[in-house]
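Enquirer: Sequence:
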Amino acid sequence: MTHPSPPSLPSAKFGIVDLFAGPGGLDIAATIMKDEGVESIGVEWDDATRATRAAAGLLTTEVKDVAALGPCDPSVVEATVLTGGPPCQSFSVAGSRKGHQALDDVLRLATRLADHETEASFDAAWKEVKAETDAMSDDRTGFVLQPLRWIMEAKLKRGKPYEVVVLEQVQTVMPVWQHFVEILRRTGYAAEAHMLHTEDFGVPQTRRRAVLIAQFDPGNEQRKVMFPEATHQRYRKGAKRLSPVHDHRDGSLFRASRSGGDVEPWVSMGDALRATRTADFVMVSNYGSGGDPKNRGRRESGEPAPTITGKVRRNRLYPLKWDRSGELVIRAEDELDRLSFEEAGLLQSFPAEYPWRSTDVAQQIGNAIPPRLSLHILSMALLREPPQEKWYTLLKEWRPQEELAPPVAARRSAPPQTSPAAASPASGRPRTGAPAKISAK
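Its first residue numbered 0, the sequence shown is counted upward by one per residue in numbering that gives the first Met the number 0.
Heads up, a few of these hints could be off.
[Claimed, not checked] Below are the DSS-like pairs computed for lysine-lysine, each with C-alpha atoms no more than 27 Å apart in a straight line:
{"no.": "1", "residue 1": "K12", "residue 2": "K33"}
{"no.": "2", "residue 1": "K156", "residue 2": "K129"}
{"no.": "3", "residue 1": "K154", "residue 2": "K129"}
{"no.": "4", "residue 1": "K154", "residue 2": "K63"}
{"no.": "5", "residue 1": "K310", "residue 2": "K97"}
{"no.": "6", "residue 1": "K156", "residue 2": "K63"}
{"no.": "7", "residue 1": "K63", "residue 2": "K310"}
{"no.": "8", "residue 1": "K159", "residue 2": "K63"}
{"no.": "9", "residue 1": "K154", "residue 2": "K223"}
{"no.": "10", "residue 1": "K12", "residue 2": "K156"}
{"no.": "11", "residue 1": "K126", "residue 2": "K97"}
[What the hints assert, rightly or not] Pairwise CB distance ranges (calculated):
{"no.": "12", "residue 1": "N285", "residue 2": "D122", "range": "43 to 49 Å"}
{"no.": "13", "residue 1": "R207", "residue 2": "C71", "range": "32 to 38 Å"}
{"no.": "14", "residue 1": "E116", "residue 2": "A238", "range": "49 to 55 Å"}
{"no.": "15", "residue 1": "R222", "residue 2": "L393", "range": "28 to 34 Å"}
{"no.": "16", "residue 1": "L382", "residue 2": "I329", "range": "43 to 49 Å"}
{"no.": "17", "residue 1": "D216", "residue 2": "A238", "range": "37 to 43 Å"}
What the hints contain is simulated information worked out from the structure, not anything from laboratory work. This structure is a prediction, so every number in the text was calculated from the model and none was measured. Just so you know, even glycine gets a beta-carbon here, dropped at the ideal spot from N, CA and C.
The task is simple: from the sequences and hints, build the whole structure.
Expert: Structure (structure tokens):
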């Protein structure tokens with residue numbers, strides 16, 4: 000009896016291995032860039048998320064655990080680019096004593112993985128680091144070190160360094176990326192880390208991401224690394240939206256910036272959800288504002304959405320109307336249908352036809368990097384130029400080639416999702432393996 004070969008990355012000009020790949024926010028962008036010689040394969044632990052990736056036709060390694068793979072594995076040995084968004088929530092809570100301790104541990108352990116000239120020296124250091132992270136009460140602390148292990152092993156064991164490295168995470172991870180920049184520069188990379196705002200790039204949502212881009216360039220490690228430049232207006236509370244350059248009726252929701260360097264107005268929730276929400280509305284966030292849990296943040300449909308998290312279905316929507324004194328009127332009896340999964344995905348800039356699967360879809364959407372932001376990052380990191388305008392249309396109109404599983408129920412009138420994720424239990428995953436699901440990665 001013959002068995003099919005396990006998935007593996009084909010040889011490509013830009014062959015990407017995407018660690019902690021999630022439902023495919025970066026990989027779907029790589030698919031859009033296929034004509035530029037871009038291929039990708041993701042490493043993902045969670046079975047529910049893997050089901051979404053399979054339905055979308057995205058290549059995923061048979062081995063689920065990032066820690067059980069390395070750059071010499073046959074499934075990823077052809078990769079020339081390393082990307083990833085390792086979960087770092089163990090130290091990303093601002094002001095937490097435990098968070099500060101975990102951050103200090105990560106920076107200290109990363110230093111121990113730097114500057115090794117031989118495979119044996121690195122292996123000895125990694126063995127010590129792994130033993131320490133495995134013994135920690137929160138094993139997620141060690142996840143952020145996995146990309147660094149892959150980078151060092153590609154150079155020392157495979158003998159072929161990754162040409163490009165792209166790492167992204169929540170804003171509080173910036174100190175780690177800045178430390179990685181110093182290490183990578185000593186390893187032969189030109190590297191920089193910057194904070195990017197998703198609405199700057201046409202994503203209908205405000206979300207800040209700490210992004211590291213490194214390019215292997217021995218002898219030129221101190222040169223400038225090009226990062227994406229904003230194409231759209233930055234959102235600020237109370238700011239006036241710029242006059243639109245076009246009315247979106249031609250379907251060009253995510254048009255590039257105008258010639259001459261001007262930026263487009265931000266893309267609003269109303270723009271993104273035009274097909275399903277024809278009337279203006281206000282979103283009342285599930286989260287408190289200004290440190291007050293009872294002061295729920297509010298956004299009107301003419302504004303970008305707040306950060307989409309795994310609790311996106313708890314946000315409430317109401318018709319946008321005011322009383323005679325100009326106060327916003329919000330009445331329980333007027334509440335509209337909650338966001339569907341399709342709509343939540345659209346606010347993350349996923350295509351409307353993205354085939355979300357399983358019972359934890361809201362969590363998958365909240366954890367993902369917005370595909371449109373991925374287009375900007377990958378284009379600058381790989382090609383050193385802005386995305387081609389046609390890619391925005393390809394992303395918007397993307398559809399899966401095959402339906403491999405029945406579609407997820409996504410009625411807007413359904414109650415907020417409360418069923419557990421269809422994934423392996425946390426107690427069954429390796430101490431240095433892939434993450435349990437975490438909101439708003």
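Enquirer: Against this structure, judge whether each hint is valid.
Expert: Hint by hint, here is what the structure shows:
The straight-line distance between the Cα atoms of K12 and K33 is roughly 10 Å, inside the 27 Å bound, and the hint therefore holds. With a C-alpha separation of about 18 Å, the suggested pairing of K156 with K129 holds against the 27 Å cut-off. For a cut-off of 27 Å, the pair hint linking K154 to K129 stands: about 19 Å separates their Cα positions. At most 27 Å may separate the alpha-carbon atoms for a hinted pair to count; K154 and K63 meet this at roughly 23 Å.
As the CA atoms of K310 and K97 are separated by approximately 24 Å, the hinted pair is consistent with the 27 Å bound. This hinted pair checks out: K156 and K63 have alpha carbons roughly 22 Å apart, not beyond 27 Å. Restraint check for K63 and K310: satisfied, since their Cα atoms lie roughly 25 Å apart, inside the 27 Å limit. A C-alpha spacing of about 24 Å is found between K159 and K63, which places the hinted pair at or below 27 Å, so the restraint holds.
With a CA separation close to 22 Å, the supplied pair K154 and K223 stays within the 27 Å bound. Between K12 and K156 the CA atoms are separated by roughly 21 Å; this keeps the pair inside 27 Å, and the hint holds. Using a Cα cut-off of 27 Å, the hinted pair K126 and K97 holds, with the two alpha carbons roughly 24 Å apart. With their beta carbons about 46 Å apart, N285 and D122 fall inside the hinted range of 43 to 49 Å.
At about 35 Å, the CB distance of R207 to C71 agrees with the hint of 32 to 38 Å. The given range of 49 to 55 Å is respected by E116 and A238, whose C-beta atoms sit roughly 52 Å from each other. Between R222 and L393 the C-beta distance comes to about 32 Å, which sits within the given range of 28 to 34 Å. At about 46 Å, the CB distance of L382 to I329 agrees with the hint of 43 to 49 Å.
Between D216 and A238 the C-beta distance comes to about 39 Å, which sits within the given range of 37 to 43 Å.
This entry satisfies every hint, going by the numbered hints stated previously.
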